[in-house]
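S.K.: Spelled out, the chains give:
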Amino acid sequence: MAIFIDKNTRVLVQGITGHQGTFHSKAMMDFGTNIVAGVTPGKNGVVVNGVKVYNDVKTAVDETGANASVVFVPAQFTKDAVLEAINAGIKLIVVVTEHVPSHDMVELLLYAKRNGVTVIGPNCPGIASPGVGKLGITPNSVLKPGKIGVVSRSGTLTYEIVNYITENGMGESTVLGIGGDKVPGTTFTDVLGMFEKDKDTSAIVMVGEIGGSAEEEAAEFIKKNVSKPVFAYIAGVYAPPGKRMGHAGAIISGEAGTAESKISAFKKAGVSVAALPSEIPVLLKNLYKT
Amino acid sequence: MVNLLEYQGKALFNRYGIPIPEGLLLINKAGIKDEIIHYPAVLKAQVPIGHRGTSGGVQTVKNGAELAEKLNSMQKASFGGFTPKAFLLERLVKHDKELYLSITLDRSKRSPVLIASQSGGVNIEDVPKEEINTFTLNQLEDLPIKIKQQIFALFDIKEVSRFGLYNLLDSMWSLYKGEDAELVEINPLAVSDDILTALDSKIIIDDDALFRHPYIKPDLGTNPLEIKAKKEGISFVKLDGDIGIIANGAGLTMSTIDQIALLGGKPGDFLDLGGTDDPEKVSKAISLVYESKPAVLLINIFGGVTKADTVAEGILLAIKKEKPAFKVVVRLRGFNEEKGRNLLRENGVEAFTDMTEAIHAAVTSVKS
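Chains Y and S, in that order, are what the protein sequence lines are.
Per this note's numbering, numbering through the first sequence is continuous, rising by one, with the last residue being 297.
Per this note's numbering, numbering through the second sequence is continuous, rising by one, with the last residue being 652.
Hints are computed from structural coordinates only; laboratory data are not their basis.
There could be a bad hint or two in this list.
Stated by the list, open to error - List of simulated lysine-lysine pairs, BS3-like, C-alpha gap at most 25 Å: (1) Y:LYS250 with S:LYS565; (2) Y:LYS231 with Y:LYS14; (3) S:LYS461 with Y:LYS120; (4) Y:LYS250 with S:LYS317; (5) S:LYS317 with S:LYS378; (6) S:LYS378 with Y:LYS250.
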């Protein structure tokens with residue numbers, strides 16, 4: 008089992024004819040994902056990786072029964088693409104695109120909530136559940152079915168950590184990248200709650216970074232609601248204040264958002280904090296020994 | 285993040301109907317006739333820092349001679365490392381109250397919030413919590429009348445100013461939404477009799493939304509290397525140390541910095557390549573770090589889908605071009621990684637599979 012997706016998830020790829028969309032829809036299919044349609048305005052009838060492309064989401068949904076979407080369209084058009092998917096009745100939308108304006112996200116999330124839609128991202132690797140499917144861009148090669156649930160604000164750092172887990176003989180139930188932006192559709196606490204309920208997840212790994220207070224809020228949530236063991240790694244301990252470290256959300260402003268504050272919040276919540284990414288599998292192995 | 289200067293923010297205030305004092309933008313005193321200026325006036329250095337008043341960046345001038353003299357001294361001064369290139373000369377607004385208003389994006393609520401306080405004129409971080417009033421706003425709705433009424437009551441101003449305040453709040457809200465602002469701050473908002481005036485402006489615009497605002501120029505920063513990187517579309521931050529760093533992905537780059545520091549090394553930069561295997565971009569990134577003259581360069585690539593052999597070619601291309609005097613250590617994972625690492629080794633570049641080993645090699649090479 009997995010969180011967010013299952014064998015009935017029928018995936019549509021918005022922006023499938025672009026370089027990223029084409030490449031990653033193939034990788035998603037190789038991972039066993041049921042991709043039923045693509046959408047690119049003006050490209051109706053084109054076939055990409057054996058998948059039919061439609062001009063609009065509504066027609067694609069009507070003809071294929073798609074119920075989830077992965078968005079690769081450029082940032083300027085992401086808001087319209089997601090609104091179109093919401094209006095067509097899609098209930099799960101993964102936004103891979105980076106540099107989506109914050110105001111667009113705030114508006115989108117209000118629409119999504121009103122319509123009972125889950126948005127993951129933007130600027131994220133999405134969902135990967137080995138054995139079930141993948142809605143996003145996490146490399147297939149690092150993933151293996153298993154019991155560890157991974158949730159992260161980062162991209163490549165997540166692949167690195169997941170790879171460490173896999174190379175050390177363990178595997179993942181679901182790997183979920185929520186993205187490094189200021190306004191993420193899905194938060195750490197949303198995912199922690201789902202991992203806690205998911206019977207196929209026995210331990211949780213969180214990958215956080217500097218900026219904002221998402222990790223501190225997650226720590227509060229863990230104290231009250233999570234009984235499964237949680238492990239964390241925080242990037243940016245030595246990042247200078249006031250400088251944006253790549254991600255829109257990764258910035259220390261004044262006292263807020265420091266790695267120190269996040270690590271101390273985690274420790275207070277009983278979360279084991281790794282000093283290095285390579286320590287994560289060591290901590291996990293210790294858990295399974297006892 | 286684009287941090288607008290006071291005069292740029294006030295131009296937006298003016299466009300959206302937020303009252304500001306009459307003023308002039310000066311580069312120097314040439315061509316300024318004293319008869320058009322209402323003395324006493326306030327001369328304000330246009331620099332992107334707070335508290336410029338305490339370091340002499342805001343001064344009252346009584347006549348033309350004083351203006352010339354103070355302008356001259358401010359032009360030579362530095363405020364928080366910034367030398368002003370422009371000055372705002374405004375009518376002095378006599379007032380009996382200073383208030384605070386701002387609208388900003390609350391990350392944890394994922395909503396805009398309006399902040400109001402009776403304690404204006406000071407840094408909002410220094411105002412006691414009980415004097416700060418916060419109202420969560422809905423991005424899809426107008427500003428609710430209830431919130432306007434509450435702020436009017438809180439500010440305890442004359443009834444005659446009620447609708448002036450309501451209009452001002454509506455204007456702030458329109459500006460926040462219309463310009464993709466991350467912050468719209470009026471501090472202080474001056475109250476004199478029945479007139480409200482925004483004495484200062486602080487506006488931050490989301491740089492991801494600049495495609496909608498072609499007249500707002502991106503903030504490139506002040507470091508020449510950072511400016512160059514931004515123009516190339518590379519995410520780069522100069523740090524103080526001597527170990528040059530190139531990695532792919534913001535999280536992995538930060539983590540590389542942390543691990544170098546943990547081993548006692550001194551990180552020299554943050555350079556995130558992004559998810560690229562374009563040899564040209566890899567080569568440009570190396571040239572950029574090369575210019576910051578590190579003692580060693582560590583390249584850390586974890587490419588799940590990145591073609592590692594193409595990255596290796598880019599690295600070798602740059603080394604051939606720049607002939608660096610420093611050592612280059614590479615950690616390379618990804619598609620065709622074995623081929624990539626062999627290619628590097630054949631050309632005399634140290635190549636690793638494991639991140640920790642590569643970081644260790646880079647740090648030890650500086651120490652020895």
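S.K.: Take a quick look at whether LYS317 (chain S) and LYS378 (chain S) sit within 25 Å of each other, Cα to Cα.
M.R.: Cα-Cα ~24 Å, so holds.
S.K.: Holds or violated: LYS250 (chain Y) with LYS317 (chain S), Cα cutoff 25 Å?
M.R.: violated, 43 Å
S.K.: Given the hint that LYS250 (chain Y) pairs with LYS565 (chain S), test it: the Cα-Cα distance must not exceed 25 Å.
M.R.: Cα-Cα ~23 Å, so holds.
S.K.: Just to be careful, I want the Cα atoms of LYS231 (chain Y) and LYS14 (chain Y) compared with a cutoff of 25 Å; is the pair within it?
M.R.: Distance of about 32 Å is beyond 25 Å: violated.
S.K.: Has the given pair, LYS378 (chain S) with LYS250 (chain Y), been kept, meaning a C-alpha gap of at most 25 Å?
M.R.: Not OK: LYS378 (chain S) and LYS250 (chain Y) at ~38 Å, beyond 25 Å, violated.
S.K.: So if I understand the rule, the pair passes when the alpha-carbon distance is 25 Å or less; does LYS461 (chain S) with LYS120 (chain Y) pass?
M.R.: Holds - the C-alpha atoms of LYS120 (chain Y) and LYS461 (chain S) are around 20 Å apart, at most 25 Å.
The structure fails hints 2, 4, 6 (numbered hints given earlier, in ascending order).
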